[in-house]
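S.K.: Residue-level listing of the chains:
Number of protein chains: 4
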Amino acid sequence: MSIRVTVWHEYRHEKTNPVVAKLYPQGIHEAIAGHLRKNKVFNVSTATLDEPQAGLTDEKLANTDVLTWWGHTAHGDVPDAVVDRVCERVTQHGMGLLVLHSGHFSKVFKKLMGTSCDLKWREDPTEREILWVTRPGHPIVQGIDDHFILDHEEMYGEFFDIPEPETVYLISSFSGGEVFRSGCTWTRGAGKIVYFRPGHETFPTYYDANVLKVIENAVKWAAPTGENVLKFGNRKRGWVEKT
Amino acid sequence: MSIRVTVWHEYRHEKTNPVVAKLYPQGIHEAIAGHLRKNKVFNVSTATLDEPQAGLTDEKLANTDVLTWWGHTAHGDVPDAVVDRVCERVTQHGMGLLVLHSGHFSKVFKKLMGTSCDLKWREDPTEREILWVTRPGHPIVQGIDDHFILDHEEMYGEFFDIPEPETVYLISSFSGGEVFRSGCTWTRGAGKIVYFRPGHETFPTYYDANVLKVIENAVKWAAPTGENVLKFGNRKRGWVEKT
Amino acid sequence: MSIRVTVWHEYRHEKTNPVVAKLYPQGIHEAIAGHLRKNKVFNVSTATLDEPQAGLTDEKLANTDVLTWWGHTAHGDVPDAVVDRVCERVTQHGMGLLVLHSGHFSKVFKKLMGTSCDLKWREDPTEREILWVTRPGHPIVQGIDDHFILDHEEMYGEFFDIPEPETVYLISSFSGGEVFRSGCTWTRGAGKIVYFRPGHETFPTYYDANVLKVIENAVKWAAPTGENVLKFGNRKRGWVEKT
Amino acid sequence: MSIRVTVWHEYRHEKTNPVVAKLYPQGIHEAIAGHLRKNKVFNVSTATLDEPQAGLTDEKLANTDVLTWWGHTAHGDVPDAVVDRVCERVTQHGMGLLVLHSGHFSKVFKKLMGTSCDLKWREDPTEREILWVTRPGHPIVQGIDDHFILDHEEMYGEFFDIPEPETVYLISSFSGGEVFRSGCTWTRGAGKIVYFRPGHETFPTYYDANVLKVIENAVKWAAPTGENVLKFGNRKRGWVEKT
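Residue numbers (the numbering used here), protein chains in the order written: chain A, 30 to 272; chain B, 30 to 272; chain C, 30 to 272; chain D, 30 to 272.
Simulated from the structure, these hints should not be mistaken for laboratory data. A quick note: this is a predicted structure, and the numbers were derived from the prediction, not measured. Be aware that a few hints might be false.
Note: identical chains are not told apart, hence a pair may lie in one copy or across any two.
What the hints assert, rightly or not - Mimicking DSS-like on lysine-lysine, the simulated pairs with C-alpha atoms at most 27 Å apart in a straight line are:
#1 K260 x K139
#2 K67 x K139
#3 K242 x K260
#4 K265 x K139
#5 K242 x K271
#6 K260 x K140
#7 K44 x K271
#8 K69 x K89
#9 K249 x K69
#10 K271 x K69
#11 K249 x K67
#12 K67 x K89
#13 K140 x K89
#14 K265 x K140
Chain A with its partners taken away, still in its complex shape (with noise of 0.2 Å):
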């Protein structure tokens, strides 16, 4: 069975800050997207935010199992109608969601996860992310050992405002001495959602085969496995034995 992975990104740093265009010469998306397409299980298309309806027009949400989300500094141009299209997907009709890095804070995760989804951050280049297993046997770290280490990111710091997750699948420590729930799980109507902290614009994290094989098993854990029969509203006595 194919999954059609639409990797959103913002693509905004890339055309402005010269480091980031040299790291991710084609953006970050085309780094997730062409390491994803080396696996044939997976049909991969991408959208930014720069394109017509960000990039997501129904008919595209329509023929997207799964939608991987990065941006930062432009999370107030995601035109409101594109969130509530993205949300409605997930809930209602099973489309997964894996959130990257600094999506924490974009529209559409607020929006499912109803917090403010705030935490402490810092910028230091000595800053060094060590990313503990803590649900083992999980899809989503098959192949990975019991901990692996970025030499280089930004640091995101609990308390990390977020509805307590179902699964919490990864913890990182920094070198400051701070921890964060780097992977965390949750279901939203028919839907499955992933976090996955790693992936600062200014660091080579895209490219780091850990970080790549967590991405990879996040989009297959979160595809949906069939139809979602999501029934509601008035019914008559009786109802129940007619269907």
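For this one, chain A is given, so just place chains B, C and D on it according to the hints.
M.R.: What follows is chains B, C and D alone, placed relative to chain A:
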């Protein structure tokens, strides 16, 4: 320690439907508030939709430990600014929130849940609800037997589109064969949220001793226990030891 | 990828109760195994209580991806060494476990849950069970409508003394008015555990298309997806970078 | 309302290790009990392993609202009958249980969790632990800032083989780079269970103001709030209305 409860009520049905007016001559809010006032631990006030700012000014909310919410016919009339204020008070300041019956479709509840909060329903005068305790020992069901019965209630049926609750303390069956997770709790930020299903406006539900007991317990349980420390934002390396 | 399923069955009722013998002439295990064998993804075998070591040797378990468990009248006859071996296989090696019906009182399930696993029950030939999907979109209910009906089943009623499930995918109502969390999942160590309620030995439950579909889905969902990395014990300072 | 706390302690290290004897001349249990006695809400007693029945007779447990547990070197010496009695008291009667530090490997905790409860560890005199609040607003962290530091502690590292907690209220980082879910809660039957990590016997951890505050809060939170109604067993059709 005193708990400051604000009983919020839409208060529209009582003004237009003689059945409701007869059952609740002072409004549903006064039936609930009247019960709570018997217990000295509660400092009770009410607020209704047709007051300025829906009765929920900044000052009012700043002096509320737990807010109870009943709405049905006029969810859309609650100003978005009030909704944002209530949700912010829950997640960032730890105000407790008890959502009653048709409040499942309120803007406040939907915003905090992030899902459609939709369900099946039926108004049938012969419908009987049996509520089963599924978390004995939980403070919210203290003083409740292993089940209790409401001879006449509206039916709500699964699937109820809510995030997986942290605790399901009551599950109902209805004469028509449906089931419903009638008592649920969640944490959002520093705040505790409780949903409690019964309470259709055309039935004397808010005079039932078991219903009133659950409401009383839920308000106590959802009350904040002290100051909430939420710290977010940028941190320089080394700050950890200096605070 | 093939999934190696071992269908374990107590296999005692069939030998002493003519009603059960007539319904399941080759035993309940063969009704379940026979269905699974139709799907090539499953590599199916069976094991029963009266085989040496209850049919669950170290070698057998080492070659089992998912174990299904039906027991009722002879829970006490399962050797403790077998119980320990099964639980260790689940938590430390990620073997999936599907516990059926009266298996709720098996030593294996009670050890993994840590609670009494007690409940209310009634055998009544007129009892009808309606099972409602409470987690649409979950792989275990793929292909199931929003509810299904079993015309004759034993009643199980709440309170069911289990740890709060990670997912409740089905809730039942019974003609007598009781409710029950009939479909639940938990993670224990690297292993996934599923409980699925129906299956009283005197009813043809294991020939019902919906019941068989849920069993098939649950076995797929509980199967491990690869190697599980669990590392414990003493670590010297500095080991983190050296692995 | 008074809370009857029994502080249980293995009390062996103090008798053989001069470092521990000097730090805790009356034993770790007296350091904890001494702090709790300052608050009139607690009715405090102690019990130790070398008393008859490990100090935990039926009568003692029947008069205990919350039991705290510290053990390390002699888990195997706790009689199985005492373990069964404690677990039964938690699940069937709602006694609260606070498990401290190396109590993670006690028979009582392992039986209630159903997993190995294993972890990584290191004794290193230079190890520093930083504990981060991950559930602000929870009663157990009332009065605690967003983090606190213990200058010298034993390291415990993930993966900690426990069932997904209902709440994770503290996560630690250690100087060596490891992380640990240091504060967790679960419900088992009618009882509340809390795990709190710090407390190695060779460090003055049980004199730390933050540690003592968490212990005090946890005991209050885990205390039962009234009678627990657990009803199981056979029920005739029609019983639902007759009780």
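S.K.: Does each hint hold? Answer for all of them.
M.R.: Here's how the hints hold up against the structure:
1. K260 x K139: both (26 Å within a copy, 18 Å between copies)
2. K67 x K139: neither (32 Å within a copy, 40 Å between copies)
3. K242 x K260: between (36 Å within a copy, 20 Å between copies)
4. K265 x K139: So K265 and K139 pass the 27 Å test across copies only (26 Å; inside, 37 Å).
5. K242 x K271: Cα proximity of K242 and K271: across copies only (21 Å, versus 47 Å in one copy).
6. K260 x K140: Answer is both: 22 Å inside a copy and 21 Å across each meet the 27 Å cutoff.
7. K44 x K271: neither (59 Å within a copy, 38 Å between copies)
8. K69 x K89: Result: close within a single copy only, 20 Å intra versus 34 Å inter.
9. K249 x K69: Both ways: K249 and K69 sit 12 Å apart in one copy and 22 Å across, limit 27 Å.
10. K271 x K69: neither (43 Å within a copy, 34 Å between copies)
11. K249 x K67: both (14 Å within a copy, 26 Å between copies)
12. K67 x K89: Within. Shortest intra-copy distance 22 Å satisfies the 27 Å Cα cut-off; inter-copy 37 Å does not.
13. K140 x K89: Both ways: K140 and K89 sit 21 Å apart in one copy and 26 Å across, limit 27 Å.
14. K265 x K140: neither (33 Å within a copy, 30 Å between copies)
Hints 2, 7, 10 and 14, counting from the list given before, are not met by this structure.
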